[in-house]
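K.L.:
Now for the letters of each chain:
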Amino acid sequence: MQLSRNSHAVGCLLAVAFAAFVCGCGSQQQEFDKLRASLTSLRATTAAVGNAWLNGQVSTVYIRTTLDTTEALLRRDRETLLSMPPDSLSDPAARSLGEAQGRLARVLAALSHAVEANDATAVRTNLAFIAAPRPRVP
Amino acid sequence: VKKLANLMLGVTTSIGSFLEVGSISTAATAGAEFGFALLWAIALAGIILAILTEMSGRLSAVSRRTFVAAVRERFGIHFLLVPILAEAVIDLLLLTAEIGGAAVAIRLLIGLGFQWWILPVSALVWLVLWSSTFSLIENGLGLLGCVTLCFVVSAWLLHPDVATVAHGFVPTLPNRDLTRYAFFAVSIVGATVSPYLLNFYGSGMIEEESGESDLATNRIVAGVGMGFGSVTAMAVLVTSAVVLGPQRILVNSYEQAALMLVPTFGRYGVLLFALSLGIGCFGAAVELALNGAYVAGQSLGWTWGVNRKRREAARFTVVFSGVILASTALAMTGVDPLKLTLISVALTVVIMPLVVLPFLVLMNDPAYVKAHTNSPVGNGILAALTIVGAVLAVIVIPLEILGS
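Which chain is which? The protein sequence lines are A and F, in order. Each residue of the first sequence is one higher than the one before, counting from 19 in the numbering used here. Each residue of the second sequence is one higher than the one before, counting from 554 in the numbering used here.
Any given hint could turn out to be false.
As a list, the in silico SDA-like pairs of lysine to any residue whose alpha-carbon atoms are at most 25 Å apart [what the hints assert, rightly or not]: (1) 52(A) <-> 735(F); (2) 52(A) <-> 732(F); (3) 892(F) <-> 659(F); (4) 52(A) <-> 99(A); (5) 555(F) <-> 693(F); (6) 892(F) <-> 94(A); (7) 892(F) <-> 90(A); (8) 52(A) <-> 555(F); (9) 556(F) <-> 105(A); (10) 52(A) <-> 105(A); (11) 52(A) <-> 728(F); (12) 892(F) <-> 46(A); (13) 555(F) <-> 773(F); (14) 862(F) <-> 617(F); (15) 52(A) <-> 617(F); (16) 892(F) <-> 105(A); (17) 555(F) <-> 687(F); (18) 892(F) <-> 801(F); (19) 555(F) <-> 770(F).
What the simulated footprint calls covered on chain A by chain F, stretch by stretch (three residues with Cβ under 8 Å from a Cβ of chain F suffice, anywhere in the stretch; the number is not a length) [unchecked claim]: (20) 51-62; (21) 119-129.
Derived by calculation from the structure, the hints in this document are not laboratory data. Owing to the predicted nature of the structure, the values given are computational and were not obtained by experimental measurement. Glycine is no exception: its CB is placed at the ideal position from the N, C-alpha and C atoms.
Using the sequences plus the hints, can you model the full thing?
P.N.:
This is the structure we're talking about:
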């Protein structure tokens, strides 16, 4: 009887641990997916605002504001990635995500300088580093 | 002719004042993430809002009492306390988000951090309330708000696929991110059917001394005005879905949302977006602050009304000044206006049953609405709203955590 009660308790604990593990993995994967989608969005925003500025469709004030906001959002995403458990960060997908975030951060910094200097050529060169995202039909 | 002109003005201002921080944010974000799939939520919310505002106007025109005053009289101050306190908290959050939204709109045009613009925006909101009459506030801001029709022009000129747009009016479950989809559906309803609008609309009827002879006008303004108003919100969603969706731009900031008008309006795109956001938020901020004072005055039996001399309604004046001050302080902490908006509008749904249930009783009480009691259809809609609202209230908090 005692043995059965103990095995019940162990079973329950294992089930809870398994559920926590599954949920943990699920939420971690979700977090990665969210960060990937966010990176694509920030990259697309940078490309869109940069091209609009080159075409004279948006003001320098607006591109400056948008680049600042994009940098702030990217900084938040990088902090989120770095706050993940170390074992998940050693995953190749996470490493490549981190590297892509770093590349975008460098492009954003260079773009900000180029806009400040009103240097359209430098803006165009830096925008070329951002790959065009795959279109998605609404 | 004068009546027709008033009617046209009422409809136009209803359309012009429809968009504000909540409807712009939820429609833009939902369009970028889910395409046209959430158009049904805006349509549904627009119908609900039209029905509720018509009832609120009818109650005020016939009984010469606002919703809050009628609830206080019929159910007592103790019954009123819970919904009023809940509404006060949400209105304060919404007012903070509106002030923040207007500040962001200025930042889009002039630059500097949006916190720098919070104090000037709040001061202007207070100045408008201090120096204006009700009709000046309603008509002036409503007419200025017609700039938001640029979204309708944009949606039209972008030539979205009609069949795909039409499919968006049929509620269907998405094949991804169900939680976030549900969160947006709830948020869209919350952003459109704000309880403050009901009392504000009824209070306006009293301020403008409308009576039973204005019931037909009330029906048309509520139905046509809110109906076309929701078309502007749909246009935001469609524009966002066509422009931002294919580029995979998610709306995590107003700067990203502003890009949606660039393909249609070129160098005027950001200006039009900023004007729409700024005027929409500013108008809603004035209405929210005013409604805070209306609710306090009507709940506690004070002299109230923006048409009265400030000295005559001193406590009323103190309340709208205090509400603006509290929201300004909250906004200046640097809270993200977009995030605050998405949270506030979802929470709005939580208090909906508390507001709708007493409405159901009042709209069937001949002591208040005489022969103009609700039809069985009207009662059915209110009952359904109470039940759906209660269910959403249970699921909205977890959705908030998982989806926002």
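K.L.:
Now tell me if each hint is right for this structure.
P.N.:
Quick rundown of the hints versus the structure:
1. Between the alpha carbons of residue 52(A) and residue 735(F) the distance comes to roughly 17 Å, so the proposed pair stays at or under 25 Å and holds.
2. With a C-alpha separation of about 14 Å, the suggested pair residue 52(A) and residue 732(F) falls inside the 25 Å cut-off, and the hint holds.
3. Between residue 892(F) and residue 659(F) the alpha-carbon distance is near 18 Å, which keeps this suggested pair within the 25 Å criterion.
4. Of the supplied pair hints, the one linking residue 52(A) and residue 99(A) holds, its CA atoms being roughly 11 Å apart against a limit of 25 Å.
5. Between residue 555(F) and residue 693(F), the direct Cα distance comes to roughly 18 Å. Compliance with the 25 Å bound is thereby established for this hinted pair.
6. Using a Cα cut-off of 25 Å, the hinted pair residue 892(F) and residue 94(A) holds, with the two alpha carbons roughly 14 Å apart.
7. Of the pairs offered as hints, the one joining residue 892(F) and residue 90(A) holds, with about 15 Å between alpha carbons and a cut-off of 25 Å not exceeded.
8. In summary, the hint linking residue 52(A) to residue 555(F) is not supported, as the alpha carbons are separated by about 56 Å, beyond the 25 Å threshold.
9. Between residue 556(F) and residue 105(A) the alpha-carbon distance is near 72 Å, which puts this suggested pair outside the 25 Å criterion.
10. Simply put, residue 52(A) and residue 105(A) have alpha-carbon atoms about 19 Å apart, close enough for the 25 Å limit, and the pair holds.
11. The hinted pair formed by residue 52(A) and residue 728(F) meets the criterion: a straight-line CA distance of about 16 Å does not exceed 25 Å.
12. Of the supplied pair hints, the one linking residue 892(F) and residue 46(A) holds, its CA atoms being roughly 22 Å apart against a limit of 25 Å.
13. Using a Cα cut-off of 25 Å, the hinted pair residue 555(F) and residue 773(F) holds, with the two alpha carbons roughly 16 Å apart.
14. A C-alpha spacing of about 21 Å is found between residue 862(F) and residue 617(F), which places the hinted pair at or below 25 Å, so the restraint holds.
15. Only pairs whose Cα atoms come within 25 Å are accepted, and residue 52(A) paired with residue 617(F) is rejected, the gap being roughly 52 Å.
16. Only pairs whose Cα atoms come within 25 Å are accepted, and residue 892(F) paired with residue 105(A) is rejected, the gap being roughly 31 Å.
17. A threshold of 25 Å between alpha carbons decides the hint, and for residue 555(F) with residue 687(F) the separation of about 19 Å falls inside it, so the pair holds.
18. Restraint check for residue 892(F) and residue 801(F): the C-alpha separation of about 20 Å stays at or below 25 Å, so the hint holds.
19. Between residue 555(F) and residue 770(F) the alpha-carbon distance is near 12 Å, which keeps this suggested pair within the 25 Å criterion.
20. For the segment 51-62 of chain A, the stated coverage by chain F is satisfied: 5 residues place a CB nearer than 8 Å to a CB of that chain, which reaches the threshold of 3.
21. Using a Cβ-Cβ cut-off of 8 Å, 0 residues of the segment 119-129 of chain A lie near chain F, which falls short of the minimum of three, so the contact claim is violated.
Figure legend: structure checked against the earlier numbered hints; hints not met, in rising order: 8, 9, 15, 16 and 21.
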